[in-house]
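Colleague: Sequence:
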Amino acid sequence: MYYEKRVLVAGGAGFIGSNFLVQFVKRYPNYSFICVDYFNYASNRNIIRDLSSIGNFEFLQLDLSGPLEKIVGLVKSYAITDIINFAAESSVDRSFQDPLFFTKNNIIATQNLLECQRLFPSQIKWFLHVSTDEVYGDELENCSEVASLSPTNPYAASKAAIDLIINAYRKSYNSRVTIVRSSNVFGPNQDCKKLIPLIIKCGMDGTNVPIHGDGTNKRSYLYISDFLDAIDLIWRKRRDDDTVDGIYNISGDLNQMIENRVTVEIINEVFGFTTGIDYVEDRNYNDQFYSIDSTKVHSLGWEQRISLRDGLVMMMPMMMKKIGPKN
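11 is the number of the first residue of the sequence shown in the working numbering; add one for each residue after it.
Hint data in this document are derived by calculation from the structure and do not stem from the laboratory.
Quantities reported herein were computed from a predicted structural model and do not represent experimental measurements.
It cannot be assumed that every hint is accurate.
[Claimed, not checked] Straight line, CA to CA, 30 angstroms or less: simulated DSS-like cross-link-like pairs of lysine-lysine:
1) Lys114 - Lys86
2) Lys36 - Lys247
3) Lys135 - Lys80
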């Protein structure tokens, strides 16, 4: 069957990738989506299984940090035209314990994909890489896309490293790669090691939630559908205008940076919980906040539509079903 585009979705079984596929496989029936993932603790296997019955979706289990030859073979055999890279190990806590694991999985895997684009520049027309606001660190406020990178933990350093490698490929090989750096994305089917689903799980279990340090560290939240709307907008604009490229910050309202301890209070209010807090030993280094300027993506017409509270209400039924009460 002919497809207008054949899209390799790296890390498509993860939280953001699986939500992307659920929306985009149906939104673009004239595109073929090839999901490549090796599955880990945070993978949404049930979603991948359900998508497998749809004609323009296919799943391949593969470690993208493995031999380049296998990935090149995949790109050739499926005639891949676009790469969207969600693949990443993202646990900051684990990165302190096993930093080399993050180097291998977050840098080598993405560079393998970059090599595929370098080898097949006329075939692969577009590459979108999902980075993070953590690459900027917590020293500056209102960081634009040209702000210096100053990561403070091994996870963020691995993401900053690949961002710099992408910049080198853009300069050295004229690789067409777009980078998006977002604030904390939340929504249905997120792993319970992340703060918002962890708080919800503790509320359902009737246990206190562990919070690092004194709970005053601040984060800005972005609902998954708002983030995916930004990706879709950039993707569509890029099809019509080759100059829509480079780096885009995607963030919620800068005035909505919320202390972690206050996030617990908000979830208690929305879900009707009475969850308490256990303040635990802080991380080796815990960024106080991340502050990014999203003016560039706003200029394309994107706006945040869903607040933290509204997003919590929207995700409530699915999260209650996914997590379930403690027996």
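Colleague: Does each hint fit the structure? Answer for all of them.
Modeller: Hints, one by one, checked against the model:
| no. | hint | in the structure |
| --- | --- | --- |
| 1 | Lys114 - Lys86 | holds (24 angstroms) |
| 2 | Lys36 - Lys247 | holds (20 angstroms) |
| 3 | Lys135 - Lys80 | holds (20 angstroms) |
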